[in-house]
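With chain A fixed as given, assemble chains B, C, D, E and F onto it according to the hints.
Protein chains in written order, with the numbering used here: chain A, 17 to 178; chain B, 17 to 178; chain C, 17 to 178; chain D, 17 to 178; chain E, 17 to 178; chain F, 17 to 178.
The set of hints was computed from the structure by calculation and includes no laboratory data.
Just so you know, not all the hints are guaranteed correct.
Which copy is meant is left open, so a pair is good if it fits within one copy or across any two.
As the list claims (entries may be wrong) - Here are the computed lysine-lysine pairs in the BS3-like style, where the Cα-Cα straight-line distance is at most 27 Å:
id, residue 1, residue 2
1, K29, K161
2, K83, K60
3, K109, K57
4, K83, K109
5, K60, K109
6, K36, K83
7, K52, K109
6 protein chains.
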Amino acid sequence: MGLTHVDKDGKAKMVDISAKDVTLREATATGSVIIKAETLKMIKDNKVKKGDVLATARIAGIMAAKKTDDLIPLTHPIPISEVSVDFEFDDNKPSIDILVYAKTNSQTGIEMEAIIGVVIAAATIYDMIKAVDRTATITNVCLLKKSGGKSGEFIREEKYES
Amino acid sequence: MGLTHVDKDGKAKMVDISAKDVTLREATATGSVIIKAETLKMIKDNKVKKGDVLATARIAGIMAAKKTDDLIPLTHPIPISEVSVDFEFDDNKPSIDILVYAKTNSQTGIEMEAIIGVVIAAATIYDMIKAVDRTATITNVCLLKKSGGKSGEFIREEKYES
Amino acid sequence: MGLTHVDKDGKAKMVDISAKDVTLREATATGSVIIKAETLKMIKDNKVKKGDVLATARIAGIMAAKKTDDLIPLTHPIPISEVSVDFEFDDNKPSIDILVYAKTNSQTGIEMEAIIGVVIAAATIYDMIKAVDRTATITNVCLLKKSGGKSGEFIREEKYES
Amino acid sequence: MGLTHVDKDGKAKMVDISAKDVTLREATATGSVIIKAETLKMIKDNKVKKGDVLATARIAGIMAAKKTDDLIPLTHPIPISEVSVDFEFDDNKPSIDILVYAKTNSQTGIEMEAIIGVVIAAATIYDMIKAVDRTATITNVCLLKKSGGKSGEFIREEKYES
Amino acid sequence: MGLTHVDKDGKAKMVDISAKDVTLREATATGSVIIKAETLKMIKDNKVKKGDVLATARIAGIMAAKKTDDLIPLTHPIPISEVSVDFEFDDNKPSIDILVYAKTNSQTGIEMEAIIGVVIAAATIYDMIKAVDRTATITNVCLLKKSGGKSGEFIREEKYES
Amino acid sequence: MGLTHVDKDGKAKMVDISAKDVTLREATATGSVIIKAETLKMIKDNKVKKGDVLATARIAGIMAAKKTDDLIPLTHPIPISEVSVDFEFDDNKPSIDILVYAKTNSQTGIEMEAIIGVVIAAATIYDMIKAVDRTATITNVCLLKKSGGKSGEFIREEKYES
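Excised from the complex, chain A in its bound form (with noise of 0.2 Å):
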């Protein structure tokens, strides 16, 4: 199997898809942003910051998911039937955690509108800390889940540990 983006002659074109039947796809994608433990008390300690915090970045992620096409050349627009954003906060690494749902009737998958989603929900929450917090780093962005269309299921078996 080769890179399906690439033609003969090397060239980049978006992939036929027009011969793929319609079916429900899912992915799933993880990803997450390492802070200092300061700015995760720092945000704990205040309940309304931390709310919009996360829904500003929840709502920057699921907007993105929808501007994917938009942003990754070779990818096809996709009628996108659901997305969410969801955040976990992990004291020991210390880290907020993102897990990106998305779901769609179409004739491509929708991996890429996951992983959108979770960079962009990662930087929103950079962009947001960033004065407190320059070191944040965003990390372990991958693909957990998905399934529909002819390659089927795929499910990540262990997570990359850099």
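For chains B, C, D, E and F alone, coordinates are given in the frame of chain A:
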């Protein structure tokens, strides 16, 4: 110092930059896409293909940096003077490493444009290789350096390694 | 029945429409721009000018309806089949009244596209007359009618008058 | 004084602002979404839910203000220094009232950005409550105040009430 | 047959496509950028450079084709299945010739996406060479072929030569 | 002088404009849509229809000029001071000729904005007449004149005629 994007009542707002000086501001951000050795070899063995994977990711990163204020809710639109996106192969991790440099004459900094350039270039690489490497992972995205403005110079001392 | 865009924990999410039927769905929305009598006369006396104020607002309304999913965070991208924007003069209020009709074959309705067509056509009129009429007011923007989908037909019985 | 966006032959054009001074310019716009008492109660009774309806509308209004030159055909792209979106409940109408304040250092004013912030925040509220309140109405959207630039200060003396 | 985008009173509107069949529709458009012999030689002598000029124009053309409904006021958003952008050198004119092919399963055709792919790829070439060739000219942009839909197949018999 | 958008290794990058002066910069571009005599007559015989075909194309050209940095990968976002789009009929070719003038106070020129205004106005005309004139051709799009900046004034001496 508190979270500058959240007002007294925890409501998100764009901060006022109208009284800040227009100065030259620069930012450099980095990140990696961890890929399988076979994927890296596949890219290396086919010069033309590699050229286009990176050329596509480079253009995607530059164009996305220009869309930063449309992606990150509380950022200000700024006049970007320059953006460059560079790649390096690392045979050990193995990975494609990304370096984005951005410059502006503006009343506020250009860190987010550099970060967005990295994450969208990275996501584009993922999009182009995902048919052969679904476990590829975007990792260690962070600000390396910034200068200009009242908060002065920032240089990251050590890279985060999860 | 609860607020469909807010999940159990009060977090915003796009609702899942993947199991809904693709049906013909229509929506009509309306609104007014209240202007001074002199402004209305100025527009009427100059046929060419009037033509272009309304032509500009009409194009703005149609183009904005197509951007609805980029403006309203939790809306779904839908394939729009038709949008029309019409205007009427009312010498008594005095006002320019706006009527937007939109149609789709989709899994979810097209009310928001009609509403966005109205508010952006109205804001465009305001932009074009504000040099002579800064007190112009956009008012009574509402859904008049919708049909298609599980929730069936809705016809507004009386217009809101504040 | 004539309509500044229409040229001698009635053709729409962007007016030339190249000879105008760069000055600090501010604008405040307002508007209301008239809702049913039950809807207002439903929003009030669920703090978390209310938080997110308004948080979503706030982000939508801020992001749309930054897209003004992409929505209103003859507006100029301007460097926005600050945008804030605030809400108040009015139990009597009953309504959610919206106040948008915007600021720029620019050669032209920022009224349209404030107006767009109001109408898109309002349309977002409508989108989030329409399942329970399809007769909600966006009303009394107008400029309250502006300052800066050759045309000087404008303060609306009385609110339009239809 | 009249102009389908203009209604009885001469007002622009999106035509209703809701009753049309979803069929496979294809379109091919072409165009040329006339350049100086030195510019063509400069591009040819530097393989890497040529690669990137064309790679940049190719990505720009593909991304712009996906934005067609945001650029051309009365077009419908359609699900694009494939877009490819190809280039040929003509030493005689001398020129870079552009060929864009686009495909969709949709209720309306994809000619405009092909045309937009051509003009934006052409304008991108102009942007990249304008420092050395300000007289470069974009010319002979036209539809070569389309198929699918009620109006059936169209094949352009002879190329326009001004 | 070399190709300014391509760096030493042939990689595309936005050129650095941060050290250039902010000066008044102007550009004028032109182009034609060659149409059938019947199409031109059809447009002329119906004043209202003609008005709207051109009004739609004019708005499309102005709005697209403002999106130039989102369409052409290596252009810089610039504060546009003025854009105008004008049309002329030529009964001999026959054609609709387009003239776009654009102005900015900026660190870089505005040629691409003028070119984009021409090609998108032209493509919009094509879209509106394609049902009756599928062989219409966009041709002779070029820069007529530019001034301002270090490279000084450019005036095209003769129009390209293929």
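Indices of hints not satisfied (ascending): Hints 2, 4 not satisfied by this model.
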